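Asker: So the chains spell out like this:
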Amino acid sequence: MISVKGLYKSYNDNHVLNDVSVTFEQGKCNMIIGRSGSGKTVLLKSIVGLVKVDQGEIWYDDKNFTQMNEREQQSIRKKMGMLFQGAALFDSLTVEENVMFPLDMLTEQGGAEKLDRVNFCLERVKVTSSNKLFPSELSGGMKKRIAIARAIALNPQYLLCDEPNSGLDPETGIVIDNLIKELTQEFDMTTIINSHDMNSVLEIGDNVVFIYKGCKCWEGSGSEILKTDNEALNNFVFATNMARQIKRT
Amino acid sequence: MKILHHIGSYFLLIKRSLSRPEKASIIYRQTLKEIEKVGIDSFPIVVIVSLFVGAVITIQSNYNIENPILPKYLVGLTVRDSLLLEFSSTMVALILAGKVGSSIASELGMMRVTEQIDALEVMGINSAAYLILPKMIAAAFFFPILGLLSMIVGIIGGYLACILGNVIPPADYIYGIQYAFKPYYITYALTKVVFYAIIITSIASYLGYNVEGGAIEVGKASTKAVVQSSILILMINLVLTRLILQ
Chain A
13 MISVKGLYKS
23 YNDNHVLNDV
33 SVTFEQGKCN
43 MIIGRSGSGK
53 TVLLKSIVGL
63 VKVDQGEIWY
73 DDKNFTQMNE
83 REQQSIRKKM
93 GMLFQGAALF
103 DSLTVEENVM
113 FPLDMLTEQG
123 GAEKLDRVNF
133 CLERVKVTSS
143 NKLFPSELSG
153 GMKKRIAIAR
163 AIALNPQYLL
173 CDEPNSGLDP
183 ETGIVIDNLI
193 KELTQEFDMT
203 TIINSHDMNS
213 VLEIGDNVVF
223 IYKGCKCWEG
233 SGSEILKTDN
243 EALNNFVFAT
253 NMARQIKRT
Chain B
-10 MKILHHIGSY
0 FLLIKRSLSR
10 PEKASIIYRQ
20 TLKEIEKVGI
30 DSFPIVVIVS
40 LFVGAVITIQ
50 SNYNIENPIL
60 PKYLVGLTVR
70 DSLLLEFSST
80 MVALILAGKV
90 GSSIASELGM
100 MRVTEQIDAL
110 EVMGINSAAY
120 LILPKMIAAA
130 FFFPILGLLS
140 MIVGIIGGYL
150 ACILGNVIPP
160 ADYIYGIQYA
170 FKPYYITYAL
180 TKVVFYAIII
190 TSIASYLGYN
200 VEGGAIEVGK
210 ASTKAVVQSS
220 ILILMINLVL
230 TRLILQ
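From first to last, the protein sequence lines stand for chains A and B.
For the first sequence, the numbering used here gives the first residue as 13, with consecutive numbering after it.
For the second sequence, the numbering used here gives the first residue as -10, with consecutive numbering after it.
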């Protein structure tokens, strides 16, 4: 479980996060949604410690992440897997080396054991026979799968995904979403997904948090979104004329 | 105030780079890779530049000391001292600032904008120690070798100018090269090179590591790395020369 309590973050006079408090539960796909520039990426980066917050607390289970020094934060991060918007695979390493990287750096496993784990993770994301390819030789969807494989290599307790299906066609996007959902349930992880893709929200969102102008504006399940009378959320969800007409009917 | 902020951030990054890495064996492996990128790949440029500059210094020195009173071997002595005292350390460092510095800044800058550095941090890895420390070790270890190579090739360049260009008799050149030789000059030159290696890699790493934005900012960081490390090399050259050659 990850809890965020009274989070504030501003850049000069721009208040990006304003008193955000939310709990992300274990074994569920927790989604953060909002317009571009609403503060959801800053919230996600604050949760992993890539952005230092001005005020507030971030708790990983019973540990206060914001009170920890750098070494202690690193030990928590070793339990995290993160999927970045652009996959963030290491260009100079092959697919196999990318997935093996956290095992190389953070475990004392032998070569054969590491290779077994790499192959297991790659099979789990349904990528086979691409071990020796470099990221530049992969499609967008493949890169995301490899990034997921790398993220789960160390059996993380927490999985954080920043716009996992951005830049992908809707069909591939749903495949990636379902994969994240399956892995979350299989490994009982606390998963947080940052997205503005409504297909994802409706497909896999167990718990959805809507961020509007840096504040938590709404929270509920994926199915409740369609029935809400929250104006800001309705404007976000039913942004197109077609969507508004469907809602009216 | 901005410059103070950068100086502070620079030293904090260097401190973080020098802190204990996750695995020494990985840093060792990375250092070997960096030796190839930073050092061995720089062989051709150092050899070509040193060969031609050695030949040109020989021709220019002969042109400037065409006086019957002055012995011809002075040409060899001038070439040797020019190479040992200044060219093979400072001038080669300026060339390497262009080649190696820009390469490091753009590599780290691209890693930053494509979130690869963030990915390392989220894994719980000290990205500064993993990315910057091997570059600094590789350069501090290999730049002196490049400096020595430059000295040898530069002297060979001068010798070839004597033979092929008929500048002075080769025997006079060789006598001049050996005349009043002070081995301390090599120590002085190589000491400077180690400082330059650290300046080039650390400045370029700092600028690349802290890139914010996209491709344009990566390009700017790369240019800044060359300009700033070159200026710093010239300043440190003055300070070290004053301190060492007292």
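Hints were generated in silico from the structure; no laboratory data involved.
Keep in mind the model is a prediction, meaning the values are calculated, not measured.
Even glycine gets a Cβ: it sits at the ideal position worked out from N, Cα and C.
Take these hints with a grain of salt, some might be off.
What the hints assert, rightly or not - Computed, partial: chain B to chain A, Cβ under 8 Å:
#  : residue
1  : K12
2  : I15
3  : Q19
4  : L74
5  : E75
6  : Q105
7  : D107
8  : E110
9  : G202
10 : A204
11 : I205
12 : E206
Asker: Evaluate each hint against the coordinates.
Answerer: Going down the list of hints, with the structure as the test:
At its closest, the beta carbon of B/K12 sits 6 Å from a beta carbon of chain A; the interface hint therefore holds under the 8 Å criterion. For B/I15, the shortest C-beta to C-beta distance to chain A is roughly 6 Å, which falls under 8 Å, so the interface hint holds. Using the Cβ-Cβ criterion of 8 Å, the hint placing B/Q19 at the interface with chain A is not satisfied: the shortest such distance is roughly 11 Å. Contact between B/L74 and chain A, as hinted, is not supported at the beta carbon level, the nearest pair being about 39 Å apart and thus beyond 8 Å.
Hint status for B/E75 relative to chain A: violated, with the closest Cβ pair at about 36 Å, above 8 Å. With a least beta-carbon distance of about 5 Å to chain A, the hint placing B/Q105 at the interface is held under the 8 Å criterion. The criterion of a C-beta within 8 Å of any C-beta in chain A is met by B/D107, whose closest approach is roughly 6 Å, and the hint holds. For the restraint placing B/E110 at the interface with chain A, the shortest Cβ-Cβ distance is roughly 6 Å, inside the 8 Å limit, so the hint holds.
Taking 8 Å as the C-beta cut-off, the interface hint given for B/G202 is violated, the closest approach to chain A being about 15 Å. Look at B/A204: its Cβ only gets to about 13 Å from chain A, farther than 8 Å, so that hint breaks. About 17 Å separates the beta-carbon of B/I205 from the nearest beta-carbon of chain A, more than 8 Å, and the hint is not met. This hint is violated: B/E206 has a C-beta 16 Å from the nearest C-beta of chain A, more than the 8 Å allowed.
Against the hints set out earlier in the document, violations occur for numbers 3, 4, 5, 9, 10, 11 and 12.
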